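Enquirer: What follows is the residue order along each chain.
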Amino acid sequence: MAEERVKEVRGPGNRHMRGGPRPKIKNPGKLFARLMGYVFKTYGIHMILVVICILLSVFANVQGTMFTKSLIDSYITPMIGQADPDFGPLAGAIRNVVVFYGIGVFAAFVQARLMIIVGQGTLKRLREELFTHMESLPVKYFDTNAHGDIMSIYTNDIDTLRQMISQSIPQLLNSAITIVSVFVSMVLLSVPLTVVTMLMVALMLFVSAKATGASGKNFVAQQKNLGALNGYIEEMMTGQKVIKVFCHEEEAIQRFDELNEELYQSAYKANAYSGVLGPINAQLGNLSYVVCAIVGGAIALNNFLGFTVGGLASFLTFNKSFSMPINQVSMQFNSIIMALAGAERIFKLLDEEPEIDNGYVMLVNSKEDNGQIVESEEFTGHWAWKHYHKEEGTTTYQPLEGDVTFNDVDFGYTDDKMVLHNIVLHALPGQKIALVGSTGAGKTTITNLINRFYDIQDGKIRYDNININKIKKADLRRSLGVVLQDTHLFTGTVADNIRYGKLNATDEEVVAAAKLANADGFIRRLPEGYNTMLTGDGGNLSQGQRQLLAIARAAIANPPVLILDEATSSIDTRTEKIVQDGMDKLMHGRTTFVIAHRLSTVKNSDCIVVLEQGRIVEMGTHQELLDKKQRYYQLYTGNKPQSA
Amino acid sequence: MVKKLLAELKEFTLPSILTPLCMIGEVIAEMIIPVLMGKIVDIGIGGGNMSYIIETGLVMIVVALLGLAAGLGGAFFGAKASTGFARNLRKKMFDNIQTFSFANIDKFSSSGLVTRLTTDVTNIQNSYMMILRMAMRAPSSMVIAMIMSFIISPRLASIYLIAVILLAAFIASIMVTANKYFRAVFEKYDKLNESVQENVSAIRVVKAYVREEYEDNKFKLAALNIYEMFVKAEKRITLTSPVMMGTVYTCIILISWVGAHMIVSNELTTGAMMSLLTYCMNILMSLMMLSIIFVMVTMSAASAKRIVEVMDEKTSIANPENPVMDVADGSISFEHAYFAYNKDSEEPVLKDVNLDIKSGETIGIIGGTGSAKSSLVNLISRLYDVTEGSVKVGGVDVREYDLEVLRSEVSVVLQKNVLFTGTIYENLRWGDANATDEEVERACKLACIDDFIKDMPEGYNTQIDQGGTNVSGGQRQRLCIARALLKKPKILILDDSTSAVDTATDARIRKAFAEEIPNTTKLIIAQRVSSVMDCDRIIVMDDGKIDGFGTHDELLKGNQIYREVYESQTSGDADFDN
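In order, the protein sequence lines correspond to chains Z and A. Counting in this note's numbering, the first sequence runs from 3 upward without gaps. Counting in this note's numbering, the second sequence runs from 5 upward without gaps.
If you are wondering where the hints come from, they were derived from the structure by calculation, not from laboratory data.
In the DSBU-like style, the derived pairs of lysine-lysine whose C-alpha atoms are separated by at most 30 Å in a straight line are:
| id | chain 1 | residue 1 | chain 2 | residue 2 |
| --- | --- | --- | --- | --- |
| 1 | Z | LYS475 | A | LYS224 |
| 2 | A | LYS224 | Z | LYS43 |
| 3 | A | LYS195 | Z | LYS350 |
| 4 | Z | LYS419 | Z | LYS475 |
| 5 | A | LYS515 | Z | LYS605 |
| 6 | A | LYS449 | Z | LYS631 |
| 7 | A | LYS309 | Z | LYS226 |
| 8 | Z | LYS474 | Z | LYS392 |
| 9 | A | LYS224 | A | LYS195 |
| 10 | A | LYS549 | Z | LYS517 |
| 11 | A | LYS515 | A | LYS458 |
| 12 | A | LYS239 | Z | LYS126 |
| 13 | Z | LYS32 | Z | LYS219 |
| 14 | A | LYS355 | A | LYS549 |
| 15 | A | LYS318 | A | LYS96 |
Model, not experiment: these values are computed from the prediction.
Using the sequences and the hints given, assemble the complete structure.
Expert: Next comes the structure, spelled out in structure tokens:
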């Protein structure tokens, strides 16, 4: 039952709260490739330039290090002890280095600028595509996915992706290039020392893997405990008033303490292990340095292979700059995994099947010309279905009347569980059809089918004798005005919200619609009248006021068919009486489907349909049904039905 | 603010002190190592002294091991201090929230409290760890490196000093402006998310009005806006990296040039120069680290403020000294009671309410939306306090009772009611933890929910989902009534608690009440006249005042509002939901 599915929308930042540990990513390589493909598709040139910039700055850096080597060997050492040393060659070398460094700095600057565009641009594109795609998804998607989870794609997942694209990727590129170039330089300087360094690196990677494993296990535990605690906090905060009423504070604190302690234990371990990685690797780096110094010293002193003191100095610098990127890569690893998990959810949403619309019958403005209905560009107040017949290549027009029939309709939200069975209904233009029955009987479900929020499994629904599957969804929905049980308003002014039903409505039309719904009075009493800003789903209005606005919104759209799903349920009976006039005016001349649990709303219907467990059990006017003395009679009077 | 937060460190004060000490130890090791390296190059390699290289190398390894020990200590103590701190903060807040009155809860809102307990605490935990590990490390690393440089060569070291000062000034200025931009961005960001949230929850409206494209355009505009602002903000930030690089390079070049002269004139050794070049990186990296800490601290300052707000909030309803521990009977009286949710608001919600309800009476309350029906009954169990006048239960002012005593004798079924994760038994025993199974079942029979529960596959042991989403509205309401009944209160208040229960069942519940708990004073708020018309007396509320108080017949004759409501529902306001 769609109306029963309560969905709470969560704020940003609490995705992990419920679900425990993150699911393992199925195919990280493929996912990463897809993500990169996505980035490169729009920013290919940017990315190539970024790689060039990184190459340039690494090159500059290596040149600088090489300079340090030659500084001592080629320039300073020869000058030592000279009576009149010539600083000319050194000055020349420094000039060269200044140029290299200048290029390096410039490249770094350009790279940073480019990455802003790439990072933010990709996010913008992703956000837009996500939203556009989301808007195209069927209602079913929103009914079956927790709203908090959908929200967290926009907040958490996009955010981690931002970090990955703008930080991890350039860092990775940089590290990769640095590692390769430093490695080459090291090999050129001294093969034996390179071997020593590589051995140390292997040790470093091994330790990193161990530490990451240990902290990873604890992180999973932490995430699970965090989920449990946050879930508990959420539940308690929502029920805080009930806790107060039942003096249940002690018990609430007790359980909280347990969960809080568990989280502390696992969080402590997870953080401790992940903190260990840095110092271990740093000291292993130092160890590597010492070993190289000793081995290198031995080689240099014995003058093996022409290895000099200056060469050793340079090599030691390379040694340091080799450990650093490897450390960085291992640090980035975790955040990349996190980002990929987010990317997976993002792509999952983007891969969701959008609403299918094979309709071709369109709704157009019409006018009469010599007894013939023809299409009109302008607004005429008359509507017609434009029917294009493919086989004959002809177009016919048929006036919009608002005749709705259900022909043996079966429906289930899932294929294996039907919630509506053999529904047969016929609403003539202008008739008021009431759907009554207990919660879960299928009243709202029926209205969900008319506007094709859901598609039926069997049978046919016809609108003006056209199968609704043949009507373009947008046009079908445009011809139906809906006021739902849960009123949703949008951020914007009161007038904006009413205008939602007809975007180009004039101020006069807005006021007229508000008057029709009897909302004009309270709107005028608001601090800024029609220009009062509504925020947070109209949180500053009462439930009743919000429903009045929703009615005005439907009124301004002026649709030939109305669906009112408990439209006045939150308006108290006295106010409802006032609204009733407006409602009656609104319903006049329109086919109306009304769901209500107040008899006053239902009584004057042309046909009352009593539903029970997805089946129509009775149908007729108020008086007819009362005379039958069956289910309706029982609901109405509270008396037992007389057995037939 | 910081002081208040730090007060919650408690048993984690020692690790909090040890962490920076360890970090300093690590820094010292890191500083000594370049000196030793320099010596290896100078004396060992330069002097061709292999045994010196090995000796110094061994010393270096020892220092590195000490550094490792300090680093590990820093990691463990830091994790302990920060996660423990977070634990204490959560505990302190949660405990304080449990003392909150309804007014306090309204002030923060449930979701506000959730954010403070979760996201904000995590922010603080992360920044605290960062501060402990880095805040000492970075400056001390910088200072030590600077001192070492000065020892080696004051002339060359002064190059660093100048570079650091210039760079610090530059980074600071960038951070200040960037911060301003980022703050603006995050505000916009919240707005964007709000609009997504709006669309997710109102998708039916969007689709029904075929406004997908309209919403899409709205969103694209917002996304573009964010993009532009983010780019602006990040452009500032990205200046730091090239400027840092430039500074490092300039230092290296200057040191090389000046150093070369000094080496030639025998004022400096090559090894010393190597060490100096290492310190250069150290100093500038520390500076970078400081700037990151600065950003983190400013970002978590907002979280800290919000946490302290919750910790500092004093409950507006506290237990009195020498409270009355016994409620004599279920009589209620209001004497010139006034009430306003916000004491500064001009219009009180309840105005000069005078009422006298005898123990055991059944009172109906009816009135339009916003006529302050709920506000009226909320005063009885002291969920809110009157602003003027008084409310008495059993002849004693409610403010003189022990809160727990009062609330267990005055049982309220709230309009917005919730069930909690757990079995039906567990939920119902909120009313009375020691209730026997028979007592629970009896309460359920009274609330006409017994049959439903017995039909469930696991009966009373059926698990209720969070928020009670796996039972229907009417069932939830009846479960909540049963829960309230288990308290065996002297006064039972139903605040529109049967709105989703069908008329027939509603009548059965009221009948059961009349027969089974005749001595309990019952207050029933309802929209339907049929729910209240057979009450002993009925209160008609209008705009915060009592418009009428009498039996059904009296009101029908003498009260216009009541008559209107009655007439609008004359045919008995049947209800099709159950």
